[in-house]
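A.B. asks: Assembly of the complex is requested from the two constituent chains, each provided in isolation within its own frame, with the hints serving as guidance.
These protein sequence lines map, in sequence, to chains P and H.
Counting the first sequence from 1 gives a position; my numbering is that position plus 3.
Counting the second sequence from 1 gives a position; my numbering is that position plus 16.
Simulated from the structure, these hints should not be mistaken for lab results.
Since we're looking at a predicted model, the values are computed, not measured.
The beta carbon of each residue, even a glycine, is placed where N, CA and C say it ideally should be.
Mixed in with the good hints there might be a few duds.
As the list claims (entries may be wrong) - Below, a sample of chain P positions facing chain H; criterion: calculated Cβ distance under 8 Å: (1) 45; (2) 48; (3) 97; (4) 100; (5) 121; (6) 125; (7) 128; (8) 131; (9) 144; (10) 145; (11) 167; (12) 170; (13) 192.
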Amino acid sequence: MILLLGSRSDGPMACVHSALERLGVEPAWVDYERPLRSGWAHAAGARLEAKLVQDDGVELDLSGVRAAYARALDHRRFAGYRALDASARAGCDQAHEVLACYLDIGEARVLNPAGAMASNRSKPYQISLIRELGFAVPPTLISNQPEAVREFLRQHRRVIYKSASAVRSIVRELDAEALDRLDAIRACPVQFQALMEGLDIRVHVVGNEVFATACTSPVIDYRYAEGEGSLSPCVLPEDVSARCVALAQGLGLPVAGVDLKRHPDGGWTCFEVNPSPGFSWFEHSTGQPIANAIARLLLAD
Amino acid sequence: MYAVICDPGDRSALWAVDRLRARLGEVRLVAMDLFGLGGALHWQLEAGAAPSASLRLPDGGELDTRGCRAVLNRAQAFPRVSGGDADAAYVREELAAISLAFLAAFGARIFNRPDPLHPGGRMLSTAAWRRLAARAGFPAAPVVVGGTAAPTPPVAQRSLVIGETVLAAEPAIAGLSRSLAALSGHSILGLGFSAEGALCEATALPDLSWGGEAAADALAELLEGAR
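With the rest of the complex left out, here is chain H (with noise of 0.2 Å):
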């Protein structure tokens, strides 16, 4: 079994649970709700072992760590938790530090491995991104916070990296994608550049269903080929 986390009215991932059944067989989707709705809950960490972590679901099932192969995290937010007094802040701080935790007992076999501040996975600023593309020593939009300057140059070239496959229309960009995805540890990664090549902008949760079958292939490979 497979799971595909992510949030209800996600349609990249939605695209992706369909051709991942079609290609993988059994994937659950979960949301990141589900988390807060009183569903049993366990993580475990006992001496001399990694921590084991299971949820049940709404229809009956289970989403579990030992069970599950391997799973696409689309995790947009931590659960939301509704109301606004310290009870409610509380519960969400809680929630949020627990699901991180479940997500992560998933180690290796997660895609993009979660962050402690994104559940989704580490998110870099844009001049993060731009600045680690320039040491790498590729071109990278200038960066500005506050004052004036010349606005970021649109994107006119797209690229999305799923493990090992790059999606690339120029090999250029295709190494820069490469170098940029094992620089900041991602295993998904979507990016935009300008017409002159340089890095625009970065997400680790890109459009899927930008890269076509293709990454749809891509995806069923780095699910099952997760250890």
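Just chain P, same shape as in the assembly (with noise of 0.2 Å):
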């Protein structure tokens, strides 16, 4: 058996299923707009049980789950969990304890185990990880101290600022406007980096297969381009893409999306890696098959 966990209305997961029903697979589902009712988990030794039974009062066994592919992890902020009452939320998280206990511990393969993602929720700490795993990393700041980012501004001559956590933020430049409010970083250190000029490439990395998208924009964070940029396939480096994949496994991940910047002078730069990429958007304007490698990853022996 095959599992989704996310919302049916998520575009990845739905491409997901979609390539699953291709393929011949109807996979089982939890889905987070229906709130689950109860869960029941034991290990032993070697063996481990665990069932959940969903809104209906359908009951279903994880033990014949061989794979799971993931998108949601918090099922608290789905509307369905938060109209439940008191009791009902508490059966609720209890199943939910037992599907992290059984993702956690089980046999099945995760895309993408939990503790893996993670590392995704701290920017810079990411980053290290990046440089660690062989890419090189753009020069980076993080500072509540306003002559500080000066220097690091006529150190490198143009710099942008981002969230240093997981939260969405736009990626902006450091320009005369934002240095007009930089005495606001003494309330909070902020996230600052070189800008490196080059053309952004994202590359959906599933198993051992890479899939590179060149992200034209006339904005420095080209998923704000609102119509004014492009994406198209790309092929990388055979080495570019070696090393994507290791990178990617190095951080534990089966299906990451990760950022490149592809400079003038044929460098390459990486970002970040995102842990829950939303590679539909990437595959509806490129026809690259990304969701039915992961639904190839989920099915593989």
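C.D. replies: Here it is, written out as structure tokens:
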């Protein structure tokens, strides 16, 4: 049995579901829009049994799960859970505890394991790991001291700033207007990075497969190009492709979205690895069969 | 200089600080919440170099990765931020991310190494610990989540792993403790066993004072030998 964990309305989940169906497999779902009723797990020695009761009363025996694809990890953020009373919430929480326990210690292949996905909660922590795993990373400063930031800007000439945590933020350049507000960093340290010239490349790694997309954009953060950017499939040099696979494996992520910059001089820098990439936007724009690769990885022996 | 990172109420850490000062000299006590109190903070990564970090402390001193030889990490939580609004939630996430990177910048000189999910090190669930023991061929109490089952047997004996030192009453328990620390990647680990020797519980933040002066000696050796 293949298990999908998340919301049916989530783009990547829907793509993987369709890809599994095309391969003749009907996956089981834990749809976070429909809160679980209860759960139970028992582990003794090497034996592990676990069951969930879904909102319609149907029991799901996790013992038969050979692989799972998980996009959402916190069920409490979904409207269905919020609408429950305290007793029903307790049952749902327990079911998710069972689920987490099963995914943590069971034999199923999990794309991606929760522990491995956590490295992205701290971007500076993650780029330290990326550096150790063989990629060049952008010079980075985190500081709450305006004078240190001005010195960093003098040194690197153009600098961007963005969140240090997994909270999504728009990458912006430290321009004159931002410099006017620089004293605000005394209240909370901010992450600054040297602006790297070149072409943004998003690489989706699925097992040993690599799908690279060139992202052109008139703005620094191509995700916010608002129709003025373009996505097109591209081919990576073999060594860069191999390094992307090694990086994802090193971070314990069978599925990963690796953000690279190809510099005009031919060099490469890695900014970040997304452990739960929203690949459907790239797949729809480029026709790259990313969901199919994930489905095949779920079905692999 | 050495440092101990802990909550002010962590009596076990304070016990360790006193003994480490007697053995190693200067040992700075640093609370996690200081990361959010506005002291000058820097974390920097430049091309070709490992990250470096520094934090100005309220007494004018500094915790920095270059001047501090090793850290005993007893952090129990990421920095606290008061308030329930979106700005407070954002600052909380940012300070967690930054303090994690800061602690990790000590590399192999911080014990235990911080983890993205917990600043004090990798925290496995009870189920995961027992599964790890079972997979290593050692006895472990059953795990039940939900439903009804016999309660976990009470802890009848303990052990404490500090670097290469294992403090335990029985050789079999010492062997299991050493194996579990190696499998989980913890330099410091506290374990509890049933009377029959089955693993009941494990923690990366054990009561260090349980091991007495032998534990203090082992901590000093661990920090002094850090590279």
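A.B. asks: Tell me the hint numbers this structure goes against, listed in increasing order.
C.D. replies: Nothing - there is no hint that the structure violates, so all of them hold.
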